[in-house]
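Peer 1: If you're matching them up, the sequences are chains A and B in order.
Residue numbering for the first sequence follows the numbering used here, beginning at 100 and increasing consecutively.
Residue numbering for the second sequence follows the numbering used here, beginning at 277 and increasing consecutively.
You may find that some hints are simply not true.
Here are the computed distance ranges between Cβ atoms for each label pair [unchecked claim]:
# : chain 1 : residue 1 : chain 2 : residue 2 : range
1 : B       : F559      : A       : I114      : 23 to 33 Å
2 : B       : F603      : A       : T106      : 39 to 49 Å
3 : B       : N596      : A       : I114      : 48 to 58 Å
4 : A       : A119      : B       : L592      : 18 to 28 Å
5 : A       : M100      : B       : L592      : 38 to 48 Å
6 : B       : R472      : A       : P138      : 50 to 60 Å
Straight-line distance between alpha carbons at most 25 Å, and here's what the computed DMTMM-like set of lysine to aspartate or glutamate pairs gives [unchecked claim]:
#  : chain 1 : residue 1 : chain 2 : residue 2
7  : B       : K316      : B       : D395
8  : A       : K136      : B       : E599
9  : A       : K136      : B       : D597
10 : B       : K695      : B       : E421
11 : B       : K654      : B       : E306
12 : A       : K136      : B       : E583
13 : A       : K136      : B       : D586
14 : A       : K140      : B       : D597
15 : B       : K654      : B       : E513
16 : A       : K140      : B       : D586
Rather than coming from a laboratory, the hints here were simulated on the basis of the structure.
Ideal Cβ placement from N, Cα and C applies to all residues, glycine included.
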Amino acid sequence: MKDTIITAKRKKTEIITFIACFLLANIVNLYAIIHYKTPMKELFTQLGYVLLFTIGLYVGWSILRIVFYYAKRLFTKQKR
Amino acid sequence: MERREFLKSLGIAGGTVLAASSPWLSAFSEVDHTNSSRAKLAIIGPGSRGRFLLSFLKKNPNADIIALCDVYQPSIDETLKLYPQAKVYKDYRALLENKEIEGVIVTTPLNTHYQIVIDAFDAGKHVFCEKALAMTIEDCYKMYEKHRETGKIFFVGQQRLFDPRYIKAMEMIYAGTFGELEGFRAYWFRNNDWRRPVPSPELERHINWRLYKEYSKGLMTELACHQIQVGSWAMREIPNKVMGHGAITFWKDRREVYDNISCIYVFDNGVKLNYESVVSNKFYGLEEQILGNLGTVEPEKGKYYFENYDPAPGFLQLINDWENRLFDSLPFAGTSWAPETANVNHGEYLIGEKPKSDGTSLLIDAFVEAVITQQQPKNIAEEGYYASALCLLGHDAIEAEQILTFPDEYKLNYLNHKKLTV
Numbered sequence: 100m101k102d103t104i105i106t107a108k109r110k111k112t113e114i115i116t117f118i119a120c121f122l123l124a125n126i127v128n129l130y131a132i133i134h135y136k137t138p139m140k141e142l143f144t145q146l147g148y149v150l151l152f153t154i155g156l157y158v159g160w161s162i163l164r165i166v167f168y169y170a171k172r173l174f175t176k177q178k179r
Numbered sequence: 277m278e279r280r281e282f283l284k285s286l287g288i289a290g291g292t293v294l295a296a297s298s299p300w301l302s303a304f305s306e307v308d309h310t311n312s313s314r315a316k317l318a319i320i321g322p323g324s325r326g327r328f329l330l331s332f333l334k335k336n337p338n339a340d341i342i343a344l345c346d347v348y349q350p351s352i353d354e355t356l357k358l359y360p361q362a363k364v365y366k367d368y369r370a371l372l373e374n375k376e377i378e379g380v381i382v383t384t385p386l387n388t389h390y391q392i393v394i395d396a397f398d399a400g401k402h403v404f405c406e407k408a409l410a411m412t413i414e415d416c417y418k419m420y421e422k423h424r425e426t427g428k429i430f431f432v433g434q435q436r437l438f439d440p441r442y443i444k445a446m447e448m449i450y451a452g453t454f455g456e457l458e459g460f461r462a463y464w465f466r467n468n469d470w471r472r473p474v475p476s477p478e479l480e481r482h483i484n485w486r487l488y489k490e491y492s493k494g495l496m497t498e499l500a501c502h503q504i505q506v507g508s509w510a511m512r513e514i515p516n517k518v519m520g521h522g523a524i525t526f527w528k529d530r531r532e533v534y535d536n537i538s539c540i541y542v543f544d545n546g547v548k549l550n551y552e553s554v555v556s557n558k559f560y561g562l563e564e565q566i567l568g569n570l571g572t573v574e575p576e577k578g579k580y581y582f583e584n585y586d587p588a589p590g591f592l593q594l595i596n597d598w599e600n601r602l603f604d605s606l607p608f609a610g611t612s613w614a615p616e617t618a619n620v621n622h623g624e625y626l627i628g629e630k631p632k633s634d635g636t637s638l639l640i641d642a643f644v645e646a647v648i649t650q651q652q653p654k655n656i657a658e659e660g661y662y663a664s665a666l667c668l669l670g671h672d673a674i675e676a677e678q679i680l681t682f683p684d685e686y687k688l689n690y691l692n693h694k695k696l697t698v
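All chains should be modelled from the sequences, with the hints used to inform the complete structure.
Peer 2: Okay, here's the thing in structure tokens:
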């Protein structure tokens, strides 16, 4: 098995992506609180569900990126 | 449950709502001063129910059973195991002549209650009589009047009056926690023949007396009597109309009383109490469901349920809505067409724990206290009278297959009733 190298740039990209997903999940929670007129304290009490949603978003976004990466590679190979 | 523990469990020290909803709890008001006193009591007819009561009295240091009366030797033998020093009588009239006895506990078959209780009052004894009081409303009325005339203590075996779950429920109902009361559904379902083993055929009617019209009115006097009273307790009103039907549908074993009954009691404002008892299916057990516009109480389970409870967190509601939009399909109609199935609402416990006792021990302890203090707790005789009168009125409605109204001549000055004055 060969060693894999995760570059600092990749780490930075992934951390920023995760933080973006977390922020988006919190915005969704805020929207839900306003829309369903539930208490503002749910911004904190529902953090568990928000975190799960964040992971869902991150995984979903990662799958999209992988699909996009391979599609792009296939396209550039055929071009050569 | 100890008396002090009981009072503590209700969180009471003379709360006004509690005093209004269960005024008979004043029976325990002198409990700190009666520790060294003893009530000398006798039991007449210590069958299974009587011995059940004795099992509680045995633990009460203020009660002493000094005499017993029965005509059935196995019952005498069993009772003597609990109270070996008790004097045995075969005739209750001889027992009533014993001047030492202050109070009697009457647990004989229903058809004998009336004469024994009247004779006991006449002999100057305090009386605890098992429910139902008598075979007719007229007899119940005469028993109540005799109690008033003699001024002796009178208790009826309505143990729910001392059940912490019911007391708490009534306190909440009187405080308006469940809004306006709109209906009652009370039921008692069993699946057994209600028979007891009989050593020889000639004792059949004496031992299984609940099954024969000469001795009992069956389900109405033996079971409904406990539950209908809960309705008038909650409503603070006596229902004035009743209709009903009864039949023997399953236990066709030469019994004479119905094994399948249903009654509707109607309060003056139109609220109804639906009562049902079937003894060939036990799935739903027993309960008195008290329905308010803000909530429901099931005191037998010891629980209450609010109509509107806190909604789910907004985030979960949103996810749920997205999920419904994606996967649900109601092609023809909106949610108004969705069937109104029962709520999944687990409710809350009335006294913060699962129910433990049914109030019987506290009821009999209260009688002992009343005998010692010579003070009749407020409303307890009236509640006992109306519990019996209402179940007998229901029975009469079943027999007559007619809508009956409460007879004016048997009304007391109690709640919405006014005594008839000639």
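Peer 1: Now, for every hint given, state plainly whether the structure supports it.
Peer 2: Hints and how they fare:
1. F559(B) <-> I114(A): 23 to 33 Å: The hint (23 to 33 Å, Cβ to Cβ) is violated, given that F559(B) and I114(A) are roughly 59 Å apart.
2. F603(B) <-> T106(A): 39 to 49 Å: For F603(B) and T106(A) the Cβ distance comes to about 41 Å; the hint holds.
3. N596(B) <-> I114(A): 48 to 58 Å: 31 Å, violated
4. A119(A) <-> L592(B): 18 to 28 Å: 23 Å, holds
5. M100(A) <-> L592(B): 38 to 48 Å: Holds, at about 43 Å.
6. R472(B) <-> P138(A): 50 to 60 Å: Given a distance of about 59 Å, which is inside 50 to 60 Å, the answer is holds.
7. K316(B) <-> D395(B): Given pair K316(B), D395(B) holds - Cα atoms ~18 Å apart, limit 25 Å.
8. K136(A) <-> E599(B): 20 Å, holds
9. K136(A) <-> D597(B): Holds, at roughly 15 Å.
10. K695(B) <-> E421(B): Distance ~12 Å between K695(B) and E421(B) Cα, so the pair holds.
11. K654(B) <-> E306(B): 14 Å, holds
12. K136(A) <-> E583(B): Holds. K136(A) to E583(B) sits at ~19 Å (cutoff 25 Å).
13. K136(A) <-> D586(B): Holds. K136(A) to D586(B) sits at ~12 Å (cutoff 25 Å).
14. K140(A) <-> D597(B): 21 Å, holds
15. K654(B) <-> E513(B): 16 Å, holds
16. K140(A) <-> D586(B): 14 Å, holds
When each numbered hint is compared with the structure, violations occur for hints 1, 3.
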